[in-house]
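Residue numbers (our numbering), protein chains in the order written: chain Z, 58 to 309; chain S, 3 to 198.
Think of the hints as simulated: they come from the structure by calculation, not from any bench.
Just so you know, even glycine gets a beta-carbon here, dropped at the ideal spot from N, CA and C.
Take the hints with a grain of salt, since some may be wrong.
To be verified - Listed next, with one range per pair, are the computed distances between beta-carbon atoms: (1) ARG266/Z - ALA49/S: 37 to 43 Å; (2) ASP186/S - SER76/Z: 29 to 35 Å; (3) ASP78/Z - GLY164/S: 23 to 29 Å; (4) GLU81/Z - ASP46/S: 28 to 34 Å; (5) GLU95/S - GLY210/Z: 32 to 38 Å; (6) VAL165/S - THR59/Z: 19 to 25 Å; (7) ALA251/Z - GLN187/S: 16 to 22 Å; (8) ASP270/Z - ARG18/S: 52 to 58 Å.
What the hints assert, rightly or not - Here are some of the chain S residues that sit facing chain Z, going by a computed Cβ distance under 7 Å: (9) PHE25; (10) ALA149; (11) LYS180; (12) ARG182.
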Amino acid sequence: MTHDEVADLLGAYALDAVSRDEGEAVEAHLETCRECSEELGQLLSVHDHLAMLAVEREPPPELRGRLLALVEEDLAREAGIRAPIRPVAVADPTGTAGSRPLGRRSRRVPPMLYGVGGALAVAAVILIVVLVGRKGLTTNTYTGGPVAHVVHGIDLRGATAQVGVRSDQTTEVRFTGLPVLPPSLAYELWFIPAAGKPIPVDGFVVRSRQVWDRPYPRDASGIQTVALTIERAPGRWPTPGKYLAVAVSLKG
Amino acid sequence: MVEEELRDEDLVARLRERDTAAFAILYDRYSRLSFGLAYRMLRDDAAAAEDVVQEAFLSLWRQAASFRPDRSTVRTWLLSIVHHRAVDRLRREGSREMASAPLEGLPEQADDRVNVEQEVGASLEASRVRQALGALPPDQRRAIELAYFAGHSHSEIARMLGVPIGTIKGRLRIGLQKMRVFLDQAGLEGAVRDAR
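Construct the entire structure; sequences and hints are all you get.
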């Protein structure tokens, strides 16, 4: 296969859309062609990003235990011994049972997201304006919106969000169209820095699809995202579920 | 060190030492994304998606020594395995149809409990990728969707769409190149993978 023929195939190869023979031919060419290797590296990075378009979904709960049993079997096989007959210690994903501390849900921001997060913008971010007030006060305004049409059963269509970062080191947060939540739930406002833990800022409920507009005496410098979650209402603990509802990037 | 503070790369290093606790932590971090990808590619076949995710995580466990942190992140490595396995399964079964989930706009439903930090980062990244794909001409976008999410080969796509194979090769390559530029400009360049 010629250089040009391989180059034509790079997009398909990056997407696993070539035959086995074609794949082997591409790989042989890559051994000696720096140009094609570099282009393919770029295309593969897009392939990696495409996975983010899939919606996260909870796998069947038994899969975790089965996988842990399989790796235990691997360990026993590698050690040249028969796997001991004993129950595999599988932690309960809910954290309510289990005999070893494996199962506590502990997902976190992958390190690369911290690195690139400063340049990310939420889908609905479409506007950044600088308003100059009468007293020389400047406000950088960022807009955002819901992360999904429905979050935890709450229909967020029509909700909007706006964050004003003022030069006097206060931050104005304005939501419109937030739906009324059932009594067991409340909204929680978060400031999320580029690095470090999210900062809980406020908790509130709305009584109608009204405007929620509040100034907060907080400097938003260093804050990457303002987020609104739907959570258990105060007094409804201890089930601290958090459901991300609305996000506004301050790095748009 | 608590498990939240352990970096993925450190956990993979522990996999090489056959640490099953590290494996469990990685599973808790990425099983939902992996299952979501497999579920979508396999047209909502939960049992098939479960098989694919199981195979992918076993590969992670058994091939941890081959992971090169200078070439990719653990997440992209794992998701690549999921994608390869799902494509293999689709081709083996020979029963592919276009994944029907909409790509444009917001997901219809996002009602699972989340870690705020992770969900914000992931949703922002997803929105940028969705924008990049949505900015492509329809022909290029369609070709990429058929290849990536439905697991079709370029020749199958050409046959389905009634266009020459060379046209599909071009759409896939140029479409990905454009997406790359878009994502670069959005600050989402990610890790450029070593193709060798």
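Now the hints, each set against the structure:
1. ARG266/Z - ALA49/S: 37 to 43 Å: 42 Å, holds
2. ASP186/S - SER76/Z: 29 to 35 Å: Since the Cβ atoms of ASP186/S and SER76/Z sit about 31 Å apart, the hinted range of 29 to 35 Å holds.
3. ASP78/Z - GLY164/S: 23 to 29 Å: Given range 23 to 29 Å: holds, Cβ gap about 24 Å.
4. GLU81/Z - ASP46/S: 28 to 34 Å: Holds, at about 33 Å.
5. GLU95/S - GLY210/Z: 32 to 38 Å: The hint (32 to 38 Å, Cβ to Cβ) holds, given that GLU95/S and GLY210/Z are roughly 35 Å apart.
6. VAL165/S - THR59/Z: 19 to 25 Å: 23 Å, holds
7. ALA251/Z - GLN187/S: 16 to 22 Å: Holds, at about 20 Å.
8. ASP270/Z - ARG18/S: 52 to 58 Å: 53 Å, holds
9. PHE25: Holds, about 6 Å.
10. ALA149: 4 Å, holds
11. LYS180: This hint is violated: LYS180/S lies away from chain Z, its Cβ roughly 9 Å from the closest one there, beyond 7 Å.
12. ARG182: 5 Å, holds
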